[in-house]
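Each chain is listed here by its residues.
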Amino acid sequence: MVRTTKLVIVIAWMLPLLLPQDYTSARESMVKKQIEARGIEDRATLAAMRKVPRHSFVPDEQVSKAYNDNPLPIGYGQTISQPYIVAYMTEIVKPKPNYKVLEIGTGSGYQAAVLAEIVQKVYTIEIVTELGKQATTRLKNLNYKNVEVKIADGYHGWKEHAPFDAIVVTAAAEYIPPPLKEQLKDGGRMIIPVGSPFMTQQLMLIEKKGNTYRTTNMIPVRFVPFKRSQ
Amino acid sequence: MNFRASLYRNRLLAAIGLLSIALIAYQVAIIQLLSNVQWYHFANVVISVALLGFGAAGALLALLRNWLLKYSYTLLPVLMILSGLMMIGAVELSHSRFARFDSYLLFTGSGQWLKLLLNSLFYFIPFLLGALALGIIFIKYVREIGSFYFSNLLGSGIGAVVAALLGGYFLPSSLPCVMALMAVIAGAILLQGRKQLILIVLVLPVAIYIIYRITSPVPIALSQYKSLSRTLNLPGSEIIIQKPGAYGLVQVVAADALRYAPGLSLAFNSEVPVRKAVFNNGDWYGPLDSWNREDSFHLLDYTTMAAPYVLKDRSKVLVLNAGSGLHVSQALSQGAMEIDATEPHRGVYKLLLNELAVMNDSLWYRPQVKMHLVEPRTFLASANKKYDLIQLPLIGAFGGGVGLYAMREEYLLTREAFMEMWNLLDEDGVISVSTWMDYPFRNSLKVTATLAETLDDCGIADPLSHLTAIRSWGTITFILKKTPFTSADTSLLRRFCNAYLFDPLWLPGLHVAERTVHNGISDSTFFAYADVLVAGNREQLYREYGFHIRPATDDKPYFSQFLRWKSLPQLESIFGAQTVSFLELGWLIAAISLVQVSVLAILLIILPLFKLGWRGHYKIWTLLYFSGLGAGYMLLEIVLIQKFLLVFGNPVYAAAFVISVMMLASGIGSYYSERVTPVRNNMQQILFMIVLLLLLYTFFLSPLISLVSGATMFLKLVACIPIIAIPALLMGMPFPLGLRMLSGINENNLPWAWGVNGCVSVISAAFVALLSVEAGFSMVILLSFLFYGVSMGSMYLIKK
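Chains A and B, in that order, give the protein sequences.
Going letter by letter, the first sequence gives residues 4 to 233 in the working numbering.
Going letter by letter, the second sequence gives residues 335 to 1134 in the working numbering.
With the rest of the complex left out, here is chain B (with noise of 0.2 Å):
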């Protein structure tokens, strides 16, 4: 190779992975921005067809190969440089008012499909251009491509990382921006020469804009019904400070009129104080809380969730998920000592500890208080004190939610985590957790199931002796105590229901009608079902229900996914479509996107047969083996970034996290394939070590990764990175080494499977979430295993 050749080599490389980090980069800014402006479902749902630029660029290429081949000199940086102009043009064309959608008016009119759709077709746009151009090198340059694909690997791992970074200090209408200015620098690097002199002319002015638009983005519209808009539309309201973050872009607001009391008494007669309050990406976070000596009570005090302090005073407390502090200056006020507190939310954790410390009283500055910045699993996990109360955040949205949180995890709510819980009680202390009544009853009901079920866990015979629920007309709070309630427990509970107009649940010798002396209830087969919970055919009920009441666990922390798919027309019968769409949104959203997904990328896969043909030339083959390694790789990922959140205590670090290690292990690999001869054997033994790792996992990863949660940093990462990076560094090296071998097949092959290997990995992406949902993370690894065994398997189609 002359000089010239191998800088312009060099050029490609980098060109590759800042492109790479670019587009990676790019997906999270969206997401973020996305997830602010509307809900992260539809973030998910625009940028699941976005990806499909990938599967679309190697249909493209399959269908123009020789065109694109011939011309690749020039296109390569002017796609590049197109592809980071539009990701401006993609966040300037959705926030047009042609294109601007509601989210929530999806379910109200057809005419907001057509603009998500326009919304989808914008943002694919850019990773169509940025994935041609990849496209182009990895064909053009296929005998090096250990080389190419270990560039875009890497800077795919870099890209989580650098999203990660700047999403702290860049708002969500800015980041894309700084994407966009890498993905013209990695065009940039390949303009040479007289003839692309224009070219390199034009670039000037593009990033010149670009950096004007990092500086002065596009005006951002939020959805009218998210609870910062409507905060916003109160009286005298504004946005006092603004903090973007990797977790999300922190706000605080003032209004005159803004008030939290969640599920007040009725016996309450003093002013419910106005509060400034903390919005997430646009979600109500919280109340801005302070305690001092001087107020006479706390809001807290007439409702539900004093309970536990009506019982004994509690001096130890761990507040979960404190949030912006509304249970910390509860337990102050009711004079506990120490109070540990756990909070995940770097930002909001910053905020409460330096600009609102003034606003809050320096609540968290309190000798008494401790505040940690980490998961509470973590937290829980590598606790060595005993607590009098353990207090978890208020579960569900007033009135019951949208079911938008059908797809997150949360590990907190999972029967392993009330063991951990149960394990660090004192001897008379308790656990608290409370819940807004929702109709149907979904909340409650899995509430009590998962309390039932860990007062089995422990061994208790009588959970009644252990259990008590106090409701109001809007809240319900559960008590699990260690040691059973002993009488004057009961006749201070009854003391408290009877001053503040609540009614117990259950109570040693409780009487049927006590249930609804103050808050009556016109469906009462909720205290039948409870009650079958609690100490019936709980399993029966489980499955007769029309919702999913069985608790969660940590293979499925989904406890706020309560749809079964085969009561929706029962569902629709009753409620109507339009109520059942917002009754359970998360989980239709995820499977609508999964539809539409699916049909897109299977168009892309068989659209160019109409040129390459469909028989002969080892099409099965290479169908079967880049799905695949395409399917497999991505469903492993996403499992391996569920998994690393209960060890890392932060989903943003978590993702970061496994997917740089990942890529980079993956790249080496890549790398390490160019000195494999791609043969039959060399493939099935690096395929037969992949799969054999993956079946292991299925069934150890989950306790190797307890056994490192609760350990040291250092030891974590010293633990966490090769497994992590074995099974990644094998998985890196299928992918160019079948390249490779389908180039001295049939070359005219290599751009179909590349687009293949995109398009199942889009489709395995929005698959898993149902998937993790349904059948738990365990399933997902086995379905990784089975997916590479197929890769395997076809390799008996190519002769030795």
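The shape of chain A in the complex, shown without the other chains (with noise of 0.2 Å):
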């Protein structure tokens, strides 16, 4: 009786590792919790995060935190963004499905996958080649065929499809490269992260008007100010 007992036990724990995982229901409670609760309202945007498999895109020892409430690592110095960052990032571009978005850090391929479920076209660069390549073929097993990846320097943006509806920026850069406001639409927004790996708490937005620009520090996470009383 101890023994079957005891067997039942083990079965049971060893249950979930020989079943293939159904990540639905973990990326039903990342968009209420982490995304829909942060105030993003865009339907398109949630209706995308609902359906990417983001575990999809993380290495294979980082599967069982992909749906966890924080950026992780992918290899070669780079992240895969916070849920709510990617969600943020896609809703204020304001994502329209005859758009064409470029994408300057493929990273992953996540960001562009989410972009692919919502715009007619998405071209990506990813500058590093390894990074590049894996997220080529991670992208093509997942049928996305609306998204086109090229490796190389993001820098000089993708002169042949230009002008873009938007471009998203997914590597924090201290600068803004020339020619990519230059690729955006009169009217298009670029979207770029400000900070380091693991610390996304800014994120810069410019719209395009005629030949000038507009920033605005947008600050998805409102830092409340603190009180003594407190």
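Hints should not be assumed to be uniformly reliable.
Claimed, not checked - Part of the chain B face toward chain A, derived, beta carbon under 7 Å:
1. Leu439
2. Gln558
3. Tyr559
4. Ser563
5. Asn567
6. Ala591
7. Ala595
8. Pro596
9. Leu598
10. Leu600
11. Phe602
12. Tyr773
13. Trp807
14. Ile855
15. Ser858
16. Glu906
Honestly, the hints are just simulated from the structure, not real lab data.
Owing to the predicted nature of the structure, the values given are computational and were not obtained by experimental measurement.
Every residue, glycine too, gets a C-beta built ideally from N, C-alpha and C.
Got two chains here, separate frames each, mind docking them using the hints?
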């Protein structure tokens, strides 16, 4: 009897490891708790975040943490952004189905996949050869036909396909490359994270109007001033 | 003593000296290596655990005293040789696949903590083995402890100098092997006789292996998150120059896509040029910049950092911490006629003047440019010239730092430093300081507070007539002007802002809406806070804000320390635990290090009591007396190193100078103590003199050091040696006297006393980092005084 009970416990414990995982509920929970709860409302963005299998974009050893509320390492000093930041960056460029979007910094390919769920075409550039190759294979395996990956220096943008309705820069840069702002359509929006890996506190929104630009320092997480009484 | 015994005694003295050199120099070499591979914070975490080897050796000696003393003749050389072998072994093991850790990933997975622990353990072993050898000698020859302790202290003092010197010749991965060789030689000195023939034969291949590792070191992989690693991921990247040095390993990298344009204006429409870049210990140091008359523009003309040149042509410019020369080339491009640039990094300085001169168009050989190899504060203290512009380097990291520099002394950013700069300004001169915009707002607010208080110190009633700031999408440049801004200045700055899509933060007659014409900010509380700091209830904001934004001072020169311990839970609820870890990493790591070391040290203090017994035989006296000495000595040593940085203008030389003078003086004190009878009255008198000196230092050390900072090097040396040597001489006496006294009371407690002293020293070293950040250096000296007071007070537990 004791032996049987032990066997049942072991099998019950091993079962999740033996059966293929279904991450739908994890994804749903991620969207509800991390994204909707923080004020993301755009339906298309929420639907994309519900659909894209984030666990397929992280290294094997990180799969169990894929839907956690934080960025994860993907190698080569790069990270896959926190789910909320991906959703925020997607919503802020106001993507539409007929949009052509340029992404600088493919990384794992997750942000490109989320955008690809909403817009017509995503052009994405990765400078690290190995990451670019991995992302190309991953996006192909997941059947994203409207994403094109190029391994190159993102500084120059992708002139052949310019202008773009929106540009999403996923790798923080200390300057905004002039070719990128030129490849943005009039009225287009560009979003750039400002911060080191594991710590994105600010996002820079650049709006192009004619030949001029306006930037807004967007702060997804609002810092509440502290009071002595607290 | 017969001839043989006398010869062996001399060998022991030599072996102790050499082993002490090796142990101290190895400690410095490991800090250098780990700072290169990871960050220096983690070097401190690893090294603080490793140094507990001294405490652990005391515990082991207490537990196995008789056995260890019985076989000491064989054990001593074996322990020293093994210590040397493990110095290399630790480096090899820590870089093996199963133990290699990445400090950046510590907060993303628990596996990394285990690896960190393993690393600490690897580096602990050579210290344990070396310390055990020292402990055996001290205990066995306790009646001659004065001489042996002298040799130990002298070796330690030389070790600090040796590490600083050899650091300039060996790569960080080779340096520990040189120290390993010294430890092995120390062991070999003690080998003799037929019985040890096998050891003599074995030591040769060990030495050959170590020499092989010096020439062909273990391959070292940097953290993938260090800026050098990330740069090397760029296509076509290559390290073109590599130079080891006491300051760190300097590397120059070329890559096809390596560009630097901090906070570049969106009005810039040309090509951002590809530059080579300089890295120090794997961290970004600066782009290799040049300036030619043919160049049509300087990149910084399109940043907020051009603001001081918009107001007026600047003829005499002082660039502080010039790095690789970005602000120097900017000053040249703006037509400056006399440019003084300070750069404390000897390695970078020599590279710029030699190998890199071809690549930067001989920037540093222009007749207008004069480069000074010195810390900026030392230069400010001795400068006798007035400047049109004093330019500081860009503060903070892009998007906000990760709190890495929280525990680093930044004397350039204290109130006193700004006051010195103010005094060096010409009539229309300005101080220009820029920061990256960060979030939560920290750097920008602390700079505002520092400048506002500088104006207070200068007796300026209307700060906004002397202070302005220009903000871009990423940077903010503050300008402090000696004379009030004129209406012409105001219009020039407005025109500059409109042309380059920047916004003014303060300008005489500024309308609130002007602050966000080109660059909006979704959390507008920044403006309110900045205004309060300049012209409101500053004190209240200091108290209520979630971060420390009160200006740094020379007593607490920690500009980048923002964390308020009590705010942590709230920060965690806003940003999440992982993010907060990266927000204030430096402070958190220091705190974790202190807790970890304290727990282990207390265990090592308690463990021997299970064998020695908990009561009687002057246990309380031993604990209080030797703890007080360990803590008091360490606290003063660390404060002196920090304080003398201002005098010598170089942290490596300041540390080497203080440690060597202090150890030598203490060694002489220890040697002299052999002539002193270890009785209560004598020991109390010595301790009383130390306590009195420390009390005086609490109040007068800072003014004394300020007094000598601007003097010539000769005068500095004449003045500084007695400041360090007098207390150190006295402080070298109580420890050997205490051991001798204890040997007369209860010899079994000797190893425990030695262990207690070692353990408490290590706790103090970890504690002092946090204490000086929170309470200032004066408080650390005061605490040192209190600890020596405890030792003095504990003498009343001894019968006359």
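Ascending list of hint numbers which this structure does not respect: 15, 16
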